[in-house]
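Asker: Residue 38 in UniProt numbering sits at position 38 of the sequence shown, and the numbers go up by one each step.
Calculated from the structure, these hints are not laboratory results. As the structure is a prediction and not an experimental result, all values here were calculated from the model. For every residue, glycine included, the Cβ atom is placed at its ideal position computed from N, Cα and C. Honestly, I wouldn't trust all of these hints.
Label pairs and their calculated CB-CB ranges [what the hints assert, rightly or not]: (1) Ala198 x Arg141: 26 to 34 Å; (2) Ala73 x Ile122: 19 to 27 Å; (3) Pro214 x Thr72: 15 to 23 Å; (4) Ala171 x Leu51: 16 to 24 Å; (5) Arg88 x Pro55: 15 to 23 Å.
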Amino acid sequence: MRRLAVWVGCVAVALLVAWYAGGRFAPAAPQPAAGSVRLGPDPGEPVAGYLARLPAQLPAPGSSAPALVQLTAEVTTAEAAALAGGLRAESVVLRVPLPRVQTALHFEALDPGGALPQALDIARQRAAHAAAADAARLPGRAGAIAAAAHAALTAPGCACVLALVVEGDRAALAALAAQPEVRAVQAAPAGTTPAELALAPLLPEQTERADPPPDDGPVPGAR
């Protein structure tokens with residue numbers, strides 16, 4: 001009888017240990033794939049077709065979603081903050097526009113909790129540091145382009161905000177899309193996280209197809 005009691009006790013302890021280990025070391029829930037939701041035109045896509053499909057992607061009434069706000073031309077950080085209004089902005093895409101010169105896109109997350117103008121200005125400064133690093137690292141024309149971008153991005157009044165990612169409901173995003181400074185607003189599915197977004201904003205010079213812009217113009221300051 002005592003042997004049976006000992007055996008039952010051992011089984012109970014083993015089951016308890018297995019339950020604890022299983023609960024502690026159970027596989028975590030699968031995480032969303034980074035960059036799995038593309039916002040922006042597909043490579044080579046006709047611009048008119050891309051713009052035509054965006055209204056149907058706005059979130060359903062009563063729900064909100066992140067959206068890529070693509071501008072008709074680059075604006076300053078102060079202008080971008082005013083354009084966003086009361087919407088929560090999560091990230092910004094910066095670029096220095098140079099005629100017939102391909103300049104880098106800088107994707108910067110915005111610091112949460114602060115005023116949007118200051119957050120955008122901090123993002124501009126981070127982009128300037130990244131451009132300076134590229135200028136020191138890249139040879140030839142690529143380095144000269146990065147140096148020109150760095151020089152522009154260091155100025156607080158640089159018109160270099162190309163796009164914003166904001167969170168809004170259907171009415172707010174539709175109102176934003178109607179602003180003259182806004183060329184397109186593409187919403188992601190509701191519940192999409194920032195990590196899931198892959199951003200490829202439409203460039204102002206892409207008027208017919210989403211093809212790479214020309215890169216045969218002179219670089220300011222290049223020798």
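Asker: Each hint: holds or not?
Answerer: So, going through the hints one by one against the coordinates:
1. Under the hint 26 to 34 Å, the C-beta atoms of Ala198 and Arg141, about 27 Å apart, fit the expected range.
2. Separation of Ala73 from Ile122 is about 23 Å and conforms to the stated range, judged on CB atoms against 19 to 27 Å.
3. At roughly 19 Å, the beta carbons of Pro214 and Thr72 sit within the given window of 15 to 23 Å.
4. Separated by about 20 Å at the C-beta atoms, Ala171 and Leu51 satisfy the suggested range of 16 to 24 Å.
5. Separated by about 22 Å at the C-beta atoms, Arg88 and Pro55 satisfy the suggested range of 15 to 23 Å.
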